[in-house]
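For chain A, the structure is supplied; the task is to place chain B with the ligand on it using the hints.
Quick note, the sequences are listed as chains A and B, same order.
Under my numbering, the first residue of the first sequence is numbered 1, with each subsequent residue one higher.
Under my numbering, the first residue of the second sequence is numbered 395, with each subsequent residue one higher.
Do not rely on the hints blindly, as some may be mistaken.
[Said to hold, decoys possible] Each computed BS3-like pair below joins lysine-lysine, with the alpha-carbon atoms no more than 25 Å apart:
#1 B/Lys700 with A/Lys376
#2 A/Lys53 with A/Lys328
#3 A/Lys376 with A/Lys394
#4 A/Lys381 with B/Lys621
#5 B/Lys494 with A/Lys381
#6 B/Lys444 with A/Lys380
#7 B/Lys444 with A/Lys297
#8 B/Lys614 with B/Lys595
Hint data in this document are derived by calculation from the structure and do not stem from the laboratory.
All of these numbers come straight from a predicted model, not from anything done at the bench.
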Amino acid sequence: MNTEKYPQGRVVHSPEYIDGLAVDIPILKILKQDGSLYDGADMPSIDQAHAEKIYKTLAFHRVLDERMIASQRQGRLSFYMAALGEEAATVGSAAALDDEDMIMAQYREQGALIYRGFSLENFMNQMFSNERDLGKGRQMPIHYGSQDKHYMTVSSPLATQVPQAAGYAYGQKLQGNNKITICYLGEGAASEGDFHAGLNMAAVHQAPVIFFCRNNGYAISTPSTEQYAGNGIASRGVGYDIKTIRVDGNDILAVLKATQEARKYAVEESKPVLIEAMSYRLGAHSTSDDPSGYRTKEEEAKYAQHDPILRMKNWMLAQQWWTEEQDKSLFDEYREQVLAAVKVAEVIEKPAIEELITDVYDQPTPALEQQLEQLKQHIKKYPDAYPVTAGRIK
Amino acid sequence: MAKMNLLQAINNALDIAMEEDDSTLCFGEDVGHFGGVFRATSNLQEKYGKHRCFNTPLVEQGILGFANGLAAQGSRPVAEIQFADYIFPAFDQIVNESAKFRYRSGNEFNVGKLTIRTPYGGGIAGGLYHSQSPEAYFAHTPGLKIVVPRNPYQAKGLLLASIRDDNPVVFFEPKKLYRASVGEVPEDDYQIPLGKAEIVKQGTDITLLGWGAQMETLEKAAVMAEKQGVSCEIIDLRTILPWDVDTVAASVTKTGRLLINHEAPLTGGFAGEIAATIQDKCFLNLESPIARVCGLDTPFPLAHEKEYMPDELKTFEAIMASINY
Ligand SMILES: Cc1ncc(C[n+]2csc(CCOP(=O)(O)OP(=O)(O)O)c2C)c(N)n1
Chain A
1 MNTEKYPQGR VVHSPEYIDG LAVDIPILKI LKQDGSLYDG ADMPSIDQAH AEKIYKTLAF
61 HRVLDERMIA SQRQGRLSFY MAALGEEAAT VGSAAALDDE DMIMAQYREQ GALIYRGFSL
121 ENFMNQMFSN ERDLGKGRQM PIHYGSQDKH YMTVSSPLAT QVPQAAGYAY GQKLQGNNKI
181 TICYLGEGAA SEGDFHAGLN MAAVHQAPVI FFCRNNGYAI STPSTEQYAG NGIASRGVGY
241 DIKTIRVDGN DILAVLKATQ EARKYAVEES KPVLIEAMSY RLGAHSTSDD PSGYRTKEEE
301 AKYAQHDPIL RMKNWMLAQQ WWTEEQDKSL FDEYREQVLA AVKVAEVIEK PAIEELITDV
361 YDQPTPALEQ QLEQLKQHIK KYPDAYPVTA GRIK
Chain B
395 MAKMNLLQAI NNALDIAMEE DDSTLCFGED VGHFGGVFRA TSNLQEKYGK HRCFNTPLVE
455 QGILGFANGL AAQGSRPVAE IQFADYIFPA FDQIVNESAK FRYRSGNEFN VGKLTIRTPY
515 GGGIAGGLYH SQSPEAYFAH TPGLKIVVPR NPYQAKGLLL ASIRDDNPVV FFEPKKLYRA
575 SVGEVPEDDY QIPLGKAEIV KQGTDITLLG WGAQMETLEK AAVMAEKQGV SCEIIDLRTI
635 LPWDVDTVAA SVTKTGRLLI NHEAPLTGGF AGEIAATIQD KCFLNLESPI ARVCGLDTPF
695 PLAHEKEYMP DELKTFEAIM ASINY
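Only chain A is shown next, with the shape it has when bound in the complex (with noise of 0.2 Å):
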């Protein structure tokens, strides 16, 4: 054994409490709502263009999270998941990554997507089950993956994906690629098994990975404060020996900034890091949640005040990098884009019906093969029945 990693401490001869909440976490903050910056602030790596790509980024996803529900209230759509009020996390994190390094999100993370140039028709056939969603129509709405933009495919079952993006990221260390991996998860998914399992891993075998949760204050209808006991969810960190950081998640500055530092220790020491982004979910869960059953709408009114994007935009707009002309018509822009892409995908045909066996396996077991012809020799007989594949079975 190596007795010098062996816990040493100070000596003492009668019993000391050592209290978790004693532990002294700072919060990094740079960027204030009206657009400037706190004094002193260690601004992150960033010039105009990059910035831009940022906000765009941050605007797209707005239009494209108000649309979706507004698609699915009109029964077009039958599922939808926003991150409203905390955009900044994941594009901020998204954007002080190298294109190749994987993402592993929980499911409120298409910000991450957007910024690595996902398309819009991508992300409408995914959420319209069409034939030309890449995950071939087999998931609900926001369950996106990407071979392509290094984009792991949503996984439902929470926190499964942390003790994996250990395993990932370990793999990429021992290639040696200087790529690392990025794992989101909120402070709910941080109670799962999955979660403690997934950081000890990490930190034992020093995995180059970036744990990202997102601490947006409920997990459905719970509030964090029934959530977990003690200092937040960097408070875990420490307790594996993990380096961590807190910042605020609706400043944009800073998400950056500490994340541009984690990748950068991830890659040079080949160990994890864990960010805990402090936001607040501003809309509902899901389409299928209504917040008023458990919260106040002054309560939402009062972190309506902290919106990330508008903070953003003061910014921009404080170093003359944009205009409100210039904001005004790249909403409308992106409005009508979403809208139009909507259009196309919700009358794409659904996925042919031999792909509901394939990819059970690499090739389909005969039992699989046999089932599928049955069920086509069943739909022939009854098509109305299946209106949905019946025209199209040979």
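Here is chain B with the ligand on its own, set in the frame of chain A:
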């Protein structure tokens, strides 16, 4: 009698159980003030306090481990797992712990007072992870009881029996029927015995067997078959473990034919177990092979949900194939 939907019947059963026994506790993700994402636990926190009906952190293995500890201590936990698809993080606590507590300790300890409630099944456009019917995994585990109601009346009577049963029970609720299924439910306390199937309809030519949400499918298929002059006997198994072999065998002895329908994939599904047992008990009475109409051997799809489901048409076809064998 009152008109209730399935959720209201469950809520009513929980209310009765908490009223009668101070040690009965309801907990799980979002279960507290909000009343659960489906609202099965609505108003229970207001009525019985935060110490008896509460939100847990988001950790299924924690919920079940905690529940096992409570039950071992003598409390009566009714733990909710938000979707049956998310019961697997708790699989170890259920399969290795809940199910074996009594056996491994020579009954020094047991968790018989435990009940696990969880919404299961498809038909709600939920795709892979909001549609599974995992009863067969648990049916492979001695020490558990597994119960599936098909309507509000059953939900109340079976849930009260499950909560009071001195064994750990996994209670699967057909979420497709939560609001869709409405019926007359006695307001008073009553129980439906576990381990007993119900003959829903008498018939002479073939026995149709199922549980939960698929019972509607069987009933519709039977109507179609009757038009072809086939008389169907319909049985609701209600309890998957231990299952009522005698009622099913007696019926098959009479009709000479058996069709089993479930939503879970065919291979390794519980229909296989039933078919093997009935073949053993009723070999000489069978007029045709036992038919299984089940989900495909694929994960539960989204776009092709209708195609995947063992619906009434597929069931009707299988009935006719059995009859014409
Ligand atoms: C293992 C598992 N349990 C339960 C669920 C149901 N569920 C989906 S999202 C969610 C809340 C997650 O909250 P959080 O991690 O804080 O993320 P947020 O939604 O706030 O972004 C729950 C309970 C699930 N998907 N997986």
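Hints violated by the structure (numbers, ascending): Of the numbered hints, 5 and 6 do not hold.
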